[in-house]
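Single-letter residue listing:
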Amino acid sequence: MMNSTGLLIVSHSLHAAQGIADIAVQVSNGQVPIMGVGGNDAGGLGTSPDAISEALQQLLAKCEQVLVIPDLGSSAISVRSAMECIDECGRVRLISAPILEGAFMASVEASIGSSTDQVAAVAEGAREFDKFI
Amino acid sequence: MNAKQAEAMIKFMAAGIGEHKDTLTALDAEIGDADHGINMARGFDRVTDKMSIARYELPAEVFKDVAMMLMSAVGGSAGPLYGSFFVKMAMRFRGEESISPELFGLALSDGVNGVMSLGKGVRGDKTMLDALIPACDAYNKAVDDGDNIENALKKAFEAAKEGAEATIPLVARKGRASYLGERSAGHKDPGAASSVIIIESMLKGTEI
Chain V
1 MMNSTGLLIV SHSLHAAQGI ADIAVQVSNG QVPIMGVGGN DAGGLGTSPD AISEALQQLL
61 AKCEQVLVIP DLGSSAISVR SAMECIDECG RVRLISAPIL EGAFMASVEA SIGSSTDQVA
121 AVAEGAREFD KFI
Chain C
134 MNAKQAEAMI KFMAAGIGEH KDTLTALDAE IGDADHGINM ARGFDRVTDK MSIARYELPA
194 EVFKDVAMML MSAVGGSAGP LYGSFFVKMA MRFRGEESIS PELFGLALSD GVNGVMSLGK
254 GVRGDKTMLD ALIPACDAYN KAVDDGDNIE NALKKAFEAA KEGAEATIPL VARKGRASYL
314 GERSAGHKDP GAASSVIIIE SMLKGTEI
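Chains as they are written, first to last, in this note's numbering: chain V, 1 to 133; chain C, 134 to 341.
Isolated chain C, as found in the complex (with noise of 0.2 Å):
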């Protein structure tokens, strides 16, 4: 993966997530404060106007960008947390103009990690986490038997896909919908939901 398909990545996220803004919005207003759509976009609004004036060299240059932009902007703890996991990526990418299917595994699990350590969250809390952590693994065991990051990306899309929609009748034991205790059960979580735009535009921008 090079820069210019990090640069991809991170414009098929901003379209994803608008895109899906309202729906994402909506899943909030089922168990959050209902507004997650709108946080996101924002945040995805000012990476979108600070990549329009950049000129990458590198990849880990698109996702500290992104990082930084998100933890600004996104407002609500997504913000920090998806900032979390693009700052990890980006320390593990380095100075590499070029990231090899292991290099990108190993900055997935550090983006994970990162996110873990932030909101001190685990598998089965109901949150994004529920979504990254499954597509990880994925992306991982495809590395290991011999798939390149593409091929690896398709696994972590449809691990993270089905991560989100195991979340529907978990009840949440963090973030807003935490609150709401067995209200909680019953809805897919959105920041799992945000997650597989995520993941699912990391593919996309590897197939340009």
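So here's chain V without its partners, still in its complex pose (with noise of 0.2 Å):
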């Protein structure tokens, strides 16, 4: 059976995009379809558009819809580009979620099972979240 929901996160930088990932795919032990795409096409800082296609393109092959979680505006800028390009950009949303925090808890609450509507919602709602209780 197809996974519900799978994250892909947009970084500037590939590192905090594949780190931020790592952490993400930890606390759901690999259950739920995630990627950290960022970059320029030369190694540096920066988003690719081609980049991002390519993954969604992937993720989509796994899931039935794919939350996007951008670090700044300008990324969201590149995955509106990137979703253009692609067939199925119906099934993708781009969220206004904190890139890690919002990772993070999207990936709890798609791996309990929860529609795709509140995996989002949660994400979106993990800037209120106090991280010292």
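Heads up, some of the hints might be wrong.
Stated by the list, open to error - List time: in silico SDA-like cross-link candidates among lysine to any residue, alpha-carbon distance up to 20 Å:
1) C:Lys253 <-> C:Lys183
2) C:Lys253 <-> V:Asp71
3) C:Lys197 <-> V:Met83
4) C:Lys253 <-> V:Cys85
5) C:Lys253 <-> V:Gly125
6) C:Lys197 <-> V:Glu84
7) C:Lys253 <-> V:Gly44
8) V:Lys62 <-> V:Met83
9) C:Lys197 <-> C:Ser231
10) C:Lys154 <-> V:Gly73
11) C:Lys253 <-> V:Lys62
12) C:Lys183 <-> V:Asp50
13) C:Lys287 <-> C:Thr339
Claimed, not checked - Quick partial rundown of chain V residues pointing at chain C, CB under 10 Å, derived from the structure:
14) Asn29
15) Gln31
16) Gly39
17) Ala42
18) Thr47
19) Ser48
20) Ser74
21) Ile77
22) Ala82
23) Glu84
24) Ile86
25) Glu88
26) Gly90
Just so you know, the hints here were simulated from the structure itself, not pulled from any lab data. The beta carbon of each residue, even a glycine, is placed where N, CA and C say it ideally should be.
Using the hints, build the complex out of the two chains.
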């Protein structure tokens, strides 16, 4: 059975995106399809719509819907651009969630079988989360 | 405007961006992440490489290649934004070998709308749109008044320059500069500055 929700972490830094993806993968024991993509095509800081499209295609093969969490607004522009190039862009949703905390909480929520809407809401709500309780 | 002039436009863009790479980067260092010039130059280097091996029959083919290279190689948000601008222009040009003044104006409008739609920006945000929108408006008014492409682009260039200057006092509402808030005022927007180079290059390309 195909997973309901997958996550794509998009950062200007490939290290950051992969590191955040690693954390999110660990918390759901690898059950939720999660990828991190980042950096420009020369390996420096920036974003690459091509790399984002490629990652989206891979995730869309494994899950019904993909939530994309960008680090900054400019990443969102690259994601929107990448989405224009893929047929299944109706299954992709860009969400405004804190990139690390949002990915973490989305991974947990997705791993318990919540709907994509619920996963997105939890991720976006992560900005209210007090990390010092 | 034909394919040869379209190629010339792009060559002037590559040269202009290369020449002003440091200025654009310096503007971006003041209110951004100091990479606009570097990113745009990298994008146009790719464009130049691609164009050196391609043979173009149609203006649409030229603009489409520019769009694809900028989208892939620029790396900052300017990549997708300028990519959208050029691809929308290419789509409007379609299979026409010779672009009329009116068709060029429709293409410019489509390009501007593409940038607005992708970036969710409007005039006054302190972005490339603050040069492109006035340029497009001035171009289309000139064509309505009977100007040919070259003369309409002269007016577009003047409007783009004024628009870029007018970004100086603005507080950024979009882009990396928007994180600076009030501190972004007093500096010219680098995206507006690069848009001036783009429009000027279009003008130069028609003059060959």
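Here is how each hint holds up against the structure:
no. : hint                  : in the structure
1   : C:Lys253 <-> C:Lys183 : 30 Å, violated
2   : C:Lys253 <-> V:Asp71  : 17 Å, holds
3   : C:Lys197 <-> V:Met83  : 18 Å, holds
4   : C:Lys253 <-> V:Cys85  : 18 Å, holds
5   : C:Lys253 <-> V:Gly125 : 23 Å, violated
6   : C:Lys197 <-> V:Glu84  : 15 Å, holds
7   : C:Lys253 <-> V:Gly44  : 26 Å, violated
8   : V:Lys62 <-> V:Met83   : 17 Å, holds
9   : C:Lys197 <-> C:Ser231 : 16 Å, holds
10  : C:Lys154 <-> V:Gly73  : 24 Å, violated
11  : C:Lys253 <-> V:Lys62  : 31 Å, violated
12  : C:Lys183 <-> V:Asp50  : 17 Å, holds
13  : C:Lys287 <-> C:Thr339 : 10 Å, holds
14  : Asn29                 : 34 Å, violated
15  : Gln31                 : 33 Å, violated
16  : Gly39                 : 8 Å, holds
17  : Ala42                 : 7 Å, holds
18  : Thr47                 : 7 Å, holds
19  : Ser48                 : 7 Å, holds
20  : Ser74                 : 4 Å, holds
21  : Ile77                 : 4 Å, holds
22  : Ala82                 : 8 Å, holds
23  : Glu84                 : 8 Å, holds
24  : Ile86                 : 14 Å, violated
25  : Glu88                 : 19 Å, violated
26  : Gly90                 : 17 Å, violated
Checked against the numbered hints above, the structure breaks hints 1, 5, 7, 10, 11, 14, 15, 24, 25 and 26 and satisfies the rest.
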